[in-house]
Amino acid sequence: MNDKDKIQIHIEKGKFYFSSKKYKEAIKEFKQALEHDSENSEILYSLAVSYETSSDYDLAKETYQKVLFLDPEHELARSHLEKLLER
Amino acid sequence: MKMRNFAVIGLGRFGAAIARFLEEEGGEVLAIDSNPEIVRELEHDYTSVVEADATDIEILSNLGVGDVDAAIVSIGTNMEAGIMITLLLKELKVPLIIAKVRSKLHEKVLKKVGVNLVVYPEEDAAHHLAKKLYWPGYSELEMTAGLSLLEISAPKSFVGRTVSKLKLREKYNINVVAIKRKNPIIDENNQTDYEEKIIAPPKAEEKFETGDRIVFVCPDEKVDKFKDMK
Chain S
1 MNDKDKIQIH IEKGKFYFSS KKYKEAIKEF KQALEHDSEN SEILYSLAVS
51 YETSSDYDLA KETYQKVLFL DPEHELARSH LEKLLER
Chain B
1001 MKMRNFAVIG LGRFGAAIAR FLEEEGGEVL AIDSNPEIVR ELEHDYTSVV
1051 EADATDIEIL SNLGVGDVDA AIVSIGTNME AGIMITLLLK ELKVPLIIAK
1101 VRSKLHEKVL KKVGVNLVVY PEEDAAHHLA KKLYWPGYSE LEMTAGLSLL
1151 EISAPKSFVG RTVSKLKLRE KYNINVVAIK RKNPIIDENN QTDYEEKIIA
1201 PPKAEEKFET GDRIVFVCPD EKVDKFKDMK
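Listed in order, the protein sequences are those of chains S and B. Each residue of the first sequence is one higher than the one before, starting from 1 at the first, in the numbering used here. Each residue of the second sequence is one higher than the one before, starting from 1001 at the first, in the numbering used here.
Just so you know, not all the hints are guaranteed correct.
[Claimed, not checked] As a list, the in silico DSS-like pairs of lysine-lysine whose alpha-carbon atoms are at most 25 Å apart: (1) K24(S) x K1171(B); (2) K24(S) x K1207(B); (3) K1104(B) x K21(S); (4) K1197(B) x K15(S); (5) K1180(B) x K24(S); (6) K1180(B) x K15(S); (7) K1108(B) x K61(S); (8) K1156(B) x K83(S); (9) K22(S) x K1104(B); (10) K1197(B) x K61(S); (11) K1222(B) x K24(S); (12) K1165(B) x K21(S); (13) K1197(B) x K21(S); (14) K1203(B) x K21(S); (15) K1156(B) x K31(S); (16) K1203(B) x K15(S); (17) K1197(B) x K83(S); (18) K1207(B) x K15(S); (19) K21(S) x K1108(B); (20) K22(S) x K1180(B); (21) K28(S) x K1156(B); (22) K24(S) x K4(S); (23) K22(S) x K1165(B); (24) K22(S) x K1156(B); (25) K1180(B) x K61(S); (26) K1203(B) x K22(S); (27) K1207(B) x K22(S); (28) K1093(B) x K21(S); (29) K1165(B) x K83(S).
[To be verified] Selected chain B positions facing chain S (in silico; Cβ < 8 Å): (30) S1153; (31) Y1172; (32) P1184.
Note that these hints are calculated values from the structure, not bench results. Treat the numbers as computed from the prediction; the structure is a model and nothing was measured. For every residue, glycine included, the Cβ atom is placed at its ideal position computed from N, Cα and C.
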């Protein structure tokens, strides 16, 4: 299996766990996907949302910031981050 | 009955901000300042902003200040003008007079001449910020007469347990008014996100979930109890 497939499997598993409210497991999968592609802003965004949804706001902020560093045009990440900073 | 008509006298930073918020919320706002430069600067921001001397009862009366539901006096530096304006507002029978004050003495004097409510904007903002810094994750929404309306992340020990099982009222003297729950979604772009659902008021058998935020009312002196709750 090549890296691309491995990444896709981790992403899909992550999304499955996320939808099932199993955030810890989702975070693990997204992190594993990032091990193969550390600068993928979409995976980082999914990781950030998982942190935020499970109330880990500090890590969520840090991860949204990473998304915006890689992709300054990422409007969703910006709006989530702004909301968190207002807290 | 909802208040609709307001007069804001003194358009410094605080006065201008409150006039803007009231107008944004759908209120009719008459904004008054004696400084022509300030009025010129703000005249495009509000529907009704006038340059006028608010210490003249005839002017106030002609402007229709006697018909407002509430007047906000936001004159911080000139205490005498604030007192004078309050007396005139009283004479015009304005039902609710709110004043921005800078000191306890200022508050005392204005209350004596008829101000119903005073605000210390700087002090309130400092108090709010200090609380936020001291208790990260807490967000205080409003305070009134010894009660706080607070929002916190549900402690881990709450997850999987029901509102009634936790006996929050008996144990901590708090009343949960709402639970904000994040529901995970995968959007049309196959992207993870969440939707926030507000459960208000929660039923006794509602179980707390990971990521929930609890909105509750509690006496000020009990707020501390939540500081170390995990």
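Do the hints match the structure? See the list:
no.: 1; hint: K24(S) x K1171(B); result: violated, 30 Å
no.: 2; hint: K24(S) x K1207(B); result: holds, 19 Å
no.: 3; hint: K1104(B) x K21(S); result: violated, 51 Å
no.: 4; hint: K1197(B) x K15(S); result: holds, 20 Å
no.: 5; hint: K1180(B) x K24(S); result: holds, 20 Å
no.: 6; hint: K1180(B) x K15(S); result: holds, 22 Å
no.: 7; hint: K1108(B) x K61(S); result: violated, 44 Å
no.: 8; hint: K1156(B) x K83(S); result: holds, 23 Å
no.: 9; hint: K22(S) x K1104(B); result: violated, 53 Å
no.: 10; hint: K1197(B) x K61(S); result: holds, 22 Å
no.: 11; hint: K1222(B) x K24(S); result: violated, 32 Å
no.: 12; hint: K1165(B) x K21(S); result: holds, 22 Å
no.: 13; hint: K1197(B) x K21(S); result: holds, 14 Å
no.: 14; hint: K1203(B) x K21(S); result: holds, 21 Å
no.: 15; hint: K1156(B) x K31(S); result: holds, 23 Å
no.: 16; hint: K1203(B) x K15(S); result: violated, 30 Å
no.: 17; hint: K1197(B) x K83(S); result: holds, 16 Å
no.: 18; hint: K1207(B) x K15(S); result: holds, 24 Å
no.: 19; hint: K21(S) x K1108(B); result: violated, 54 Å
no.: 20; hint: K22(S) x K1180(B); result: holds, 18 Å
no.: 21; hint: K28(S) x K1156(B); result: holds, 19 Å
no.: 22; hint: K24(S) x K4(S); result: holds, 23 Å
no.: 23; hint: K22(S) x K1165(B); result: holds, 23 Å
no.: 24; hint: K22(S) x K1156(B); result: holds, 14 Å
no.: 25; hint: K1180(B) x K61(S); result: holds, 19 Å
no.: 26; hint: K1203(B) x K22(S); result: holds, 24 Å
no.: 27; hint: K1207(B) x K22(S); result: holds, 16 Å
no.: 28; hint: K1093(B) x K21(S); result: violated, 57 Å
no.: 29; hint: K1165(B) x K83(S); result: violated, 32 Å
no.: 30; hint: S1153; result: holds, 4 Å
no.: 31; hint: Y1172; result: violated, 19 Å
no.: 32; hint: P1184; result: holds, 5 Å
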